[in-house]
Amino acid sequence: MGILDLTSMGEPQVDVKREIIGQLERLQDEIPEYCYQCAKCTSGCEAHRLLELEPHRIIALLKRGLIDEMVNSDIIWTCMSCFKCWERCPQKIAPVEILFLLKNYAVALGKQIPGNYTAALQSVLSKGLIQDVKTISTRTGETKSRRDVGLPEITKPVDPVKFQALISKMAVEKI
Amino acid sequence: MKKPRIGVFVCHCGINISATVDVEKVKEYAKTLDGVAVSKDYKYMCSDVGANLIKESIKKDKLTSVVVACCSPRMHEHTFQKVASDGGLNPYTVEIANIREQCSWVHDDKKVATEKAKKLVEAAVAKARLLEPLITSSIEVTPNALVIGGGIAGIQAALEIAENGHKVYLVERTPTLGGRMAQLDKTFPTLDCSSCILTPRMTEVADHPNIELLAYSEVEDIKGSIGNFTVKIRKKARFVDADKCTGCGDCAENCRLKGRIIDEFNMGLNKRSAIYLPFPQAVPLIYTIDPNHCLMLTTGRCGKYPLCVEACEADAIDFNQKDEVITVDVGAIVVATGFNLLDPSIIPEYGYTHSPNVITTLEMERLINSAGPTKGEIQLLDTKEKPKSITYILCVGSRDETVCSWCCRIGCMTALKHLYLIREKLPDAEINLCYIDIRSYGKGYEEFYRTARNLNINLFRGRPSEVRPTKEGIIINVFDTITNKLFEIKTDMVVLVPAVTAREDAVELARKLKISTSSDGFYLEGHPKLKPMDTATGGIFLAGFCQGAKDIQDTVAHASGAASRALTILSKKELEAETYIAVVDEELCSGCGICISVCPYQAIELITEDDKKRAKVNEALCMGCGACTAACPSGAMQQRGFKDKEILSMIEVLSK
Numbered sequence: 001m002g003i004l005d006l007t008s009m010g011e012p013q014v015d016v017k018r019e020i021i022g023q024l025e026r027l028q029d030e031i032p033e034y035c036y037q038c039a040k041c042t043s044g045c046e047a048h049r050l051l052e053l054e055p056h057r058i059i060a061l062l063k064r065g066l067i068d069e070m071v072n073s074d075i076i077w078t079c080m081s082c083f084k085c086w087e088r089c090p091q092k093i094a095p096v097e098i099l100f101l102l103k104n105y106a107v108a109l110g111k112q113i114p115g116n117y118t119a120a121l122q123s124v125l126s127k128g129l130i131q132d133v134k135t136i137s138t139r140t141g142e143t144k145s146r147r148d149v150g151l152p153e154i155t156k157p158v159d160p161v162k163f164q165a166l167i168s169k170m171a172v173e174k175i
Numbered sequence: 176m177k178k179p180r181i182g183v184f185v186c187h188c189g190i191n192i193s194a195t196v197d198v199e200k201v202k203e204y205a206k207t208l209d210g211v212a213v214s215k216d217y218k219y220m221c222s223d224v225g226a227n228l229i230k231e232s233i234k235k236d237k238l239t240s241v242v243v244a245c246c247s248p249r250m251h252e253h254t255f256q257k258v259a260s261d262g263g264l265n266p267y268t269v270e271i272a273n274i275r276e277q278c279s280w281v282h283d284d285k286k287v288a289t290e291k292a293k294k295l296v297e298a299a300v301a302k303a304r305l306l307e308p309l310i311t312s313s314i315e316v317t318p319n320a321l322v323i324g325g326g327i328a329g330i331q332a333a334l335e336i337a338e339n340g341h342k343v344y345l346v347e348r349t350p351t352l353g354g355r356m357a358q359l360d361k362t363f364p365t366l367d368c369s370s371c372i373l374t375p376r377m378t379e380v381a382d383h384p385n386i387e388l389l390a391y392s393e394v395e396d397i398k399g400s401i402g403n404f405t406v407k408i409r410k411k412a413r414f415v416d417a418d419k420c421t422g423c424g425d426c427a428e429n430c431r432l433k434g435r436i437i438d439e440f441n442m443g444l445n446k447r448s449a450i451y452l453p454f455p456q457a458v459p460l461i462y463t464i465d466p467n468h469c470l471m472l473t474t475g476r477c478g479k480y481p482l483c484v485e486a487c488e489a490d491a492i493d494f495n496q497k498d499e500v501i502t503v504d505v506g507a508i509v510v511a512t513g514f515n516l517l518d519p520s521i522i523p524e525y526g527y528t529h530s531p532n533v534i535t536t537l538e539m540e541r542l543i544n545s546a547g548p549t550k551g552e553i554q555l556l557d558t559k560e561k562p563k564s565i566t567y568i569l570c571v572g573s574r575d576e577t578v579c580s581w582c583c584r585i586g587c588m589t590a591l592k593h594l595y596l597i598r599e600k601l602p603d604a605e606i607n608l609c610y611i612d613i614r615s616y617g618k619g620y621e622e623f624y625r626t627a628r629n630l631n632i633n634l635f636r637g638r639p640s641e642v643r644p645t646k647e648g649i650i651i652n653v654f655d656t657i658t659n660k661l662f663e664i665k666t667d668m669v670v671l672v673p674a675v676t677a678r679e680d681a682v683e684l685a686r687k688l689k690i691s692t693s694s695d696g697f698y699l700e701g702h703p704k705l706k707p708m709d710t711a712t713g714g715i716f717l718a719g720f721c722q723g724a725k726d727i728q729d730t731v732a733h734a735s736g737a738a739s740r741a742l743t744i745l746s747k748k749e750l751e752a753e754t755y756i757a758v759v760d761e762e763l764c765s766g767c768g769i770c771i772s773v774c775p776y777q778a779i780e781l782i783t784e785d786d787k788k789r790a791k792v793n794e795a796l797c798m799g800c801g802a803c804t805a806a807c808p809s810g811a812m813q814q815r816g817f818k819d820k821e822i823l824s825m826i827e828v829l830s831k
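Those protein sequences? They're chains A and B, same order as listed. For the first sequence, my numbering gives the first residue as 1, with consecutive numbering after it. For the second sequence, my numbering gives the first residue as 176, with consecutive numbering after it.
Simulated from the structure, these hints should not be mistaken for lab results. In this text, a Cβ means the ideal position worked out from N, Cα and C, and glycines have one as well.
With a straight-line cut-off of 25 Å between C-alpha atoms, the simulated SDA-like cross-links for lysine to any residue are: (1) K40(A) x D612(B); (2) K92(A) x D655(B); (3) K17(A) x L630(B); (4) K559(B) x M1(A); (5) K563(B) x D15(A); (6) K665(B) x D5(A); (7) K665(B) x L4(A); (8) K40(A) x G619(B).
Simulated DEER-style distance windows between Cβ atoms: (9) Q728(B) x V124(A): 51 to 57 Å; (10) K144(A) x S222(B): 54 to 60 Å; (11) L366(B) x F83(A): 35 to 41 Å; (12) K257(B) x E87(A): 56 to 62 Å; (13) G551(B) x V124(A): 52 to 58 Å; (14) F83(A) x S222(B): 56 to 62 Å; (15) G2(A) x D367(B): 30 to 36 Å; (16) C371(B) x G141(A): 52 to 58 Å; (17) I21(A) x S545(B): 29 to 35 Å; (18) G551(B) x E25(A): 31 to 37 Å.
On the chain B side, residues computed to face chain A include the following (Cβ under 10 Å): (19) Y624; (20) R628; (21) L634; (22) D655.
When you get a sec, could you build the whole thing from the sequences and use the hints?
Structural data, given as structure tokens:
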């Protein structure tokens with residue numbers, strides 16, 4: 001008994017799927033099982049137009065347990081972390097979080113991060129942030145600064161060398 | 176006959192007519208016609224202002240008849256007949272010229288449309304010159320009702336009518352009330368136990384002083400019309416004395432054929448005796464002998480002696496019982512005959528006949544039911560083991576132009592309900608569902624669908640091409656359009672969700688009732704939006720699935736509606752008889768009797784008066800269909816309101 005993807009001869013990785021969904025449940029209440037494939041996420045995905053990311057398909061493959069296919073592809077690295085998918089999902093699912101977990105899983109398996117994305121890694125190592133976000137656009141279309149939403153200004157690490165060492169330690173020890 | 180004074184009233188219908196027809200010109204033209212005393216136009220003739228315009232003109236201009244040039248007579252003929260009546264005219268001196276549906280709506284060229292409108296008005300005026308006032312007689316109403324079908328629709332309709340104080344004859348073909356709902360385990364989306372909510376209603380029917388339950392009976396023949404139907408009902412012999420049978424079941428326990436006859440109630444998943452009760456809560460609680468299998472009834476002997484007779488302490492078994500035909504009089508009829516599931520073997524690639532483990536939803540329903548043949552154990556039908564993997568296929572034959580083009584409206588929710596119930600019983604089984612769309616449209620349905628999505632179910636959006644039973648299990652290939660991948664599912668049980676169809680004998684009953692079926696085979700309603708319970712035949716109403724696919728909620732609502740429609744007749748002492756009936760010109764009639772042979776309502780008889788044979792129309796039975804007037808070779812048979820001379824006068828104008 002079972003299911004076989006005849007297109008790639010891949011079989012569902014039930015255990016990996018269960019682990020990823022378990023991690024998701026710690027982050028939020030709603031789980032990808034509720035996805036009914038309306039594709040609103042992909043319709044508004046910033047990474048879709050240029051880089052062909054399809055968040056709804058990521059969820060469909062996760063639900064089916066076809067995870068290797070995703071972690072072996074560069075596509076999971078194209079997410080710009082704009083969080084629009086999560087904010088707008090009618091089933092309260094967060095494709096962006098699923099993509100984070102898939103990226104973590106890829107790294108844990110020792111997969112190479114695609115060259116184009118190492119700049120983001122450098123940014124994390126030097127500032128602790130992927131992007132230096134100064135303003136955001138809200139769901140109602142307003143532009144708000146960090147101060148408008150009550151966030152402190154971004155500061156640089158006092159001791160960049162020490163900071164980098166700390167971040168690297170965290171990455172290695174998976175804290 | 177005094178000289179006619181006709182009033183012509185041309186309606187603009189907002190711009191529906193006036194945008195394409197020059198209303199002013201039509202009005203002016205009408206003034207030139209013979210017999211027209213006055214011609215007026217107004218924006219909305221059906222409004223209060225328009226109606227008053229007509230009423231005042233009838234009085235002021237001393238009109239003898241009225242022509243309204245407006246929309247279809249189906250829309251507003253009745254409105255204007257009432258206006259004429261209020262104005263002091265006989266309502267049947269109104270003639271409608273349909274210059275909307277038959278003119279302005281179907282033409283673009285204003286000049287041509289205006290000319291056509293003029294002709295239509297002229298033809299109506301020609302007929303109006305000849306119109307005679309008609310008197311409508313009234314007929315007494317028999318205050319009883321007939322309900323055909325003892326499923327949840329028939330039960331609901333019968334109880335509603337009976338509660339309103341009218342006698343109801345409830346005819347059910349099988350030995351018990353309950354219908355399809357009795358076969359279900361739970362109902363969606365609330366998961367109420369189906370028989371727990373149904374059986375109290377069945378008992379209410381049996382106990383109701385106003386309901387005469389005729390189970391194991393069939394309607395043989397129906398005569399008459401709205402207000403007064405005469406119905407012949409065949410009460411089939413049960414070969415068991417209903418008054419003596421206690422329902423103990425000793426007979427079935429001892430039947431020589433015990434466990435050898437296919438049990439229809441359990442969808443053939445087990446075998447019963449030749450004497451049987453379909454299910455323990457059957458109403459009435461009377462055993463029935465299956466005349467097609469009982470050895471006594473088929474061969475005349477059963478071993479040395481019939482064991483059931485020996486077992487029955489009440490001495491209830493009577494092999495000499497005969498069918499009994501009774502006649503009842505009713506004023507209205509509610510048809511609630513339900514539906515069938517499509518036999519999936521019509522789609523051979525889905526393997527229904529190739530593996531015992533390819534079953535239908537109704538079979539699964541009996542497997543899940545704790546009172547079913549497996550006491551609620553879901554098991555493979557050959558090995559009796561618990562299935563490790565179950566795969567559902569939706570829309571089997573539904574939404575399929577080669578089988579049934581319609582949506583069954585119950586399949587998605589039935590399958591989701593099953594997934595829920597199976598997950599409770601088999602927590603570790605793999606459950607797959609192949610669908611095209613999930614249609615969860617009712618109250619609480621979408622919420623149920625959401626719950627079902629989190630039951631660890633594999634959803635595949637695609638229709639499998641075939642179901643292939645092999646030694647290693649049943650193999651299904653399905654292309655999932657969501658992941659854009661072709662999957663191979665290896666499973667050990669396949670549940671097909673079949674299309675729904677009308678009952679196999681729906682057409683035969685339609686013929687007896689003189690009602691129509693739509694292209695899908697279900698009974699045709701009076702209007703899809705506004706008369707969903709009516710039929711084209713007065714006094715006959717539809718309840719539930721027999722009109723088209725419905726779930727239980729909609730069926731019950733529809734049945735209450737049908738009961739309410741029937742009560743609009745039953746609550747009256749008298750009804751207006753059909754006005755446009757056939758009349759015989761006694762001078763011309765030769766008594767040939769051709770009219771009798773074509774009359775579908777048995778409304779004509781041949782009488783002898785002064786040694787002369789002639790036809791006589793029963794005014795209460797004539798429905799005004801016109802068959803006799805067309806068939807009459809001498810022109811003696813005429814239809815009131817549509818006499819030959821009236822119609823010919825119109826043709827003369829239109830063919831000028």
